[in-house]
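Student: Spelled out, the chains give:
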Amino acid sequence: MKVSIRKITDRTKEQVVIECVHITPEIEDIKAYASLKGTELSGITQEQLMIRFRLEDVYYFEALDEKVFAYTKEQVCQVKMRLYEVEESYKMYHFVRCSKSVVLNLMLLESISPALNGRFFAHMKNGERLMISRAYASELKRIVMGGKKDES
Amino acid sequence: MNHKSIFIDMMMAFFICTACITILEGVLGMIFFPQVIFGYEAFFSPPLFGIFSVLFSIVNYSRKELSVRQVLFRRFLHLLMIEALVLGLNYKAGGFTDFNFFYVLAFSVAVVFILVYVVMWMGERYSAMRFNEQLKVYQSRQN
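Sequence lines, in order, name chains A and B. Under the numbering used here, the residue at position 64 of the first sequence is numbered 64, and the numbers go up by one with no gaps. Under the numbering used here, the residue at position 102 of the second sequence is numbered 1102, and the numbers go up by one with no gaps.
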């Protein structure tokens, strides 16, 4: 595929234009990747400061007491979204529900390991361990393993 | 958790259980009752115990996500139910002429119970390993 870069001066006008004959899964991947790189979120830190951070830096979102928090490597920020909105909006950016209260970033998932009662632990790249419920484990496997069969 | 995965889990537990019970019956029979000879109906005993053991596993299922303590308590309850069934049936059949047999049987049932969960856990571990391999592929494809 031919790739060209045109330099501009206005940062607000930065964009990626994809020219293609058909929208293939590869094109969708490129679109998702490009969109993710530009996506920024704003949130309130524990010190009540409003900050902006990149979506790709978020390890996971967690719902606690009607509030949703985004966990990056350095900080925890409260975001003004419901967890189902996070799940729906950022599905294409590899964010997947892994339990009733957590949506994790598949790109920052290191590995999984079995826990008790058919559940799994998700080991994130920052060393944190999250629980993957049975109810969401199969969907997670379907996304990562594609069409490959895995009955467990 | 859908019905399909519950069914698959139950079937796996049944086959592992039946295999372990068959070995257990063979070993205990050779030690405690070497003179006893059974007919073909004896072949139905391991799968029957297997079915009941799996049916009792219903105590492990819950719509809610259970804590580790709750899971362990339910597993213990499951074991107690199986022990009651096996020891009860043996008592009815007059198998407890030797007290050592009672203790050995109770202990063996617990070993089989743990073994079934260990084998199932190993299956999940294998599944996790496959997932981890695919996860690396998935992540490199997206980067």
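If you are wondering where the hints come from, they were derived from the structure by calculation, not from laboratory data. One or more hints might be untrue.
Unchecked claim - Covered stretches of chain A, going by a simulated chain B footprint (3 or more residues, C-beta under 8 Å):
1. 90-103
2. 115-128
As the list claims (entries may be wrong) - Think about it this way: if two alpha-carbon atoms lie no more than 16 Å apart in a straight line, the pair counts; the simulated EDC-like pairs of lysine to aspartate or glutamate are:
3. K100/A / E1065/B
4. K2/A / E14/A
5. K1136/B / E28/A
6. K91/A / E28/A
7. K1004/B / E139/A
8. K125/A / E28/A
Glycine included, each C-beta is placed from N, C-alpha and C at the ideal position.
Student: Taking the hints in turn, state whether each one holds.
Tutor: For each hint, the structure was consulted:
| no. | hint | result |
| --- | --- | --- |
| 1 | 90-103 | holds (count 3) |
| 2 | 115-128 | holds (count 5) |
| 3 | K100/A / E1065/B | 9 Å, holds |
| 4 | K2/A / E14/A | 19 Å, violated |
| 5 | K1136/B / E28/A | 19 Å, violated |
| 6 | K91/A / E28/A | 13 Å, holds |
| 7 | K1004/B / E139/A | 14 Å, holds |
| 8 | K125/A / E28/A | 25 Å, violated |
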